[in-house]
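Residue numbers (numbering that gives the first Met the number 0), protein chains in the order written: chain F, 0 to 293; chain G, 0 to 242; chain X, 0 to 347.
It is possible that some hints are incorrect.
In the DSSO-like style, the derived pairs of lysine-lysine whose C-alpha atoms are separated by at most 30 Å in a straight line are [what the hints assert, rightly or not]: (1) G:Lys20 / G:Lys217; (2) G:Lys162 / G:Lys217; (3) G:Lys162 / G:Lys119; (4) G:Lys217 / F:Lys165; (5) G:Lys162 / G:Lys124; (6) F:Lys165 / G:Lys118; (7) F:Lys165 / G:Lys124; (8) G:Lys118 / G:Lys162.
What the hints contain is simulated information worked out from the structure, not anything from laboratory work.
The chain contents come next:
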Amino acid sequence: MEFLQSIPFDQLLIQTINGIVTGMILALVASGLTLIFGIMEVVNFAHGELFMLGAYVGVLVLAATGDFWIALAAASLVIALLGAAVYLMTLRPLLGRDSLTTILATFGVSLVLQNYALWQFGPVARKIQEPFTGHFTLFYLDYPWYRLVIALLSAAIIGALWLFLKFGTYGIWIRATTQDRVMAQAMGIPVPWVLTVVFAIGAGMAGASGVLFGPLVGVNHTMGLDWILKAFIVVVVGGMGNLAGSIAASIFISLLEAYASLWVSPAQAVIVSFVVLILTLLFRPTGLFVPTPK
Amino acid sequence: MTPVPTAPLLEVEEIHTYYGKSHILDGVSLEVGAGEVVGLLGRNGVGKSTTLKAVVGLVHPSRGEVRFEGRPITQSAAHRLARLGIGYVPEDRRIFPLLTVVENLRTGLDRHGVTATRKKELLEKVYAYFPVLAERRGQAGGTLSGGEQQMLAIARAMMLEPKIILLDEPTEGLMPRMVSQIREIIEVLHRESVAVLLVEQNVPLTLEVSQRIYILEKGVVRHRAPAAELQIDDAVIHQYMGV
Amino acid sequence: MSFTSGNTPHPNPLRVSAEREGPAEREGEGQSRRQRALIYWTGFSIILALLVIAPLVLPEFWRRFLTEILIWGLLAMSSDILIGYTGMISFGHSAFFGLGMYGAAAALISVQPPNLWLAMLYGLVGAATVAGFVAYFSTRLRDIYFAITTLIFSQIFYVIIFTWTEVTGGENGLTFSRPPLAIPGLFSIRFTPEILHWFVVAVVTLSYLLLRRITQSPFGMVLQSIRENEARTRAIGYPIERYKIVAVMLSGLFAGLAGVLYALQNRFAAPDFVFFLVSGETVIYNVIGGIGTLVGPIVGAAFFLLLREGLSRFLTEYYLIPVGLIFIAMVIFMPQGLLGFLRRWLNQ
């Protein structure tokens, strides 16, 4: 108890909010990954690069138009299309092959995309200006508005996704295809098209996250690497294919890491997520928030 | 008994399929006329399910042709065939477990060119035939009992307003009371001029509802006859089914 | 809302299509087997001879390049035990490799005079420890979960090594001097580049022969049977957990050995080699060369490294793009790898 009291309350509060903010962005990235895995059992190794390229598109469009929101929309759209292209060229031909092959294919894609970014944009990091600066006062602290907005926006996007999936014909098609691809076809659902669209949606979400997160860090070609690892962890801890689970896991892990960084350096704080993963795999392998099937 | 029309709705001509190196269908031919109920009998493993899958487009024959309304559909994608009017109720039902009953029905209902009024009509009709489904419309498909899932699987196929429904062992694992319900449903389909290609192990039921019968053995059609004939002379049945 | 997929599961990944022989073929078996063995060993000897002559004819740069190919090849070969023979996809080899490297570094820095065999010992022990962890998890996780976990393990060690600067030198790594090739009491010679090359050739060749022996033994057969159909192997009565543990330890040891060799060659240890991308590259060598062949991964490493070297001369900045594209194309169109068609020959 003494130990906890030695931490200034304002630090704790800041880290809590930081944790939630990072958690929401991670949730946005992980939702796309989980959506893709759920419907086609593909672990998309290139997801981090889609995130990274989204940030770069954001940089370019922002420079051209000066408007953050247009940049956000443009990045989501462009990366969604890129996702569709990647799917059609590398994953569609591999339908029906084993999971190692698809991991390798997406790993190859991530290699290509990463180096493409390096080639086009160079090794120096770029910056995205946040759409509004300014802080608000929480108790006696100054906390940037922008971070709060990101969290809300991410939540909104995920909420929109959830609504889309729950209601509406296309939502039913996607869920049906996820549950039984063969019968979905037999019911007239255009499954090849559904798979492409889902991959595009997942990619678009990753791209949007890149733009949202851009102002918080520098944008450079290795941005994706950290995120892909965390996103994998989140997807496993949340229960593979479980959307709600991956959101909960994102926030949970990000909060833990935020608190951990009060004591150790951020580079070491990542171990927290690794530990959570290992514990989950040992004791609740179907997912931390999913009841273990009997 | 409905006379067989001159242009069959469905024609299967000498199809061959393989699974790895195994030769499953070794030249199967059959046909189903519009509005006809045709039974496909045979022991386990002779290729009855595979025949249905070949018609529906889930398995593509390496040789031979399948024609629907005169047009070849042998290599067509399954989802296109469903839209053309071929409904499929597989073994094990395979309803979508995490979708509600209504959502399951909607997978067939939500198609191009179907007005909202028509959708409502179709739903009302299916609820009339299957009151159990109306009761459980908001429930997840996976929570239904075996018999209820079978109803749902058939209802779901009916949502496609198909010209033909392929039924793969619909009475398997069902209680006798449900078996007679299946018989009623097939008769309803027949009344509505929906053709039925029925694969079954339940010989008496099949003979009752079908106009014609094919008997399959080791991937080939060994015998074909009007059902009435086989009801009288069941030696053939004994020979191929060992029943 | 859950997206748990109810789709029909894929057959066991990496399943090697079993070629069944009928009785008629067995008659000619004995003779063709002898023929095959003859061709195999002839080929083996030729290649070995070339490797031995190499440092005497190649310019220094290429000599060194060749030595590195062999070391990475050894790493990839160790990974083949898991991927190609047991059917377990591992992205953790950078951890084994790294611990081997750092273990050797530890011996060469802390114990004076620097002793080659001690370095190897420390390196192997380091790798074995990590392998022990991974082995434990391997028995509880299947497929994707195992792959992701091994990936995480690489990262855990990367983070530890990267941040524990006092012990591991952090970002900058450790440098040390090469020990002599010595057997106490008998002789001691300095490692010239040629002698180092021959030492590496000897170690890699012995490793290959040893691993070949193991994969063809009854033990190896069980591993392959696990790869083909785990459930059936278990049903027959084999304690597959034990087999998997041994497979992982074996794989880890040889990967660690590669790490030791690398440390000897380059005289430094750096955290970059523990980063999970190294594991990814290792898997690439395996797939390009052909899994389940032991020698394939070495060829895969050679192909990849040569390609990288060649392309980097023309396209200095973005040479990895065509390399990546070629890799993707191979995954799609040539999944059996370069030597896949030789698999039967290499495994008799």
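message: Hint by hint, where does the structure go against what was stated? Just the numbers, ascending.
response: 4
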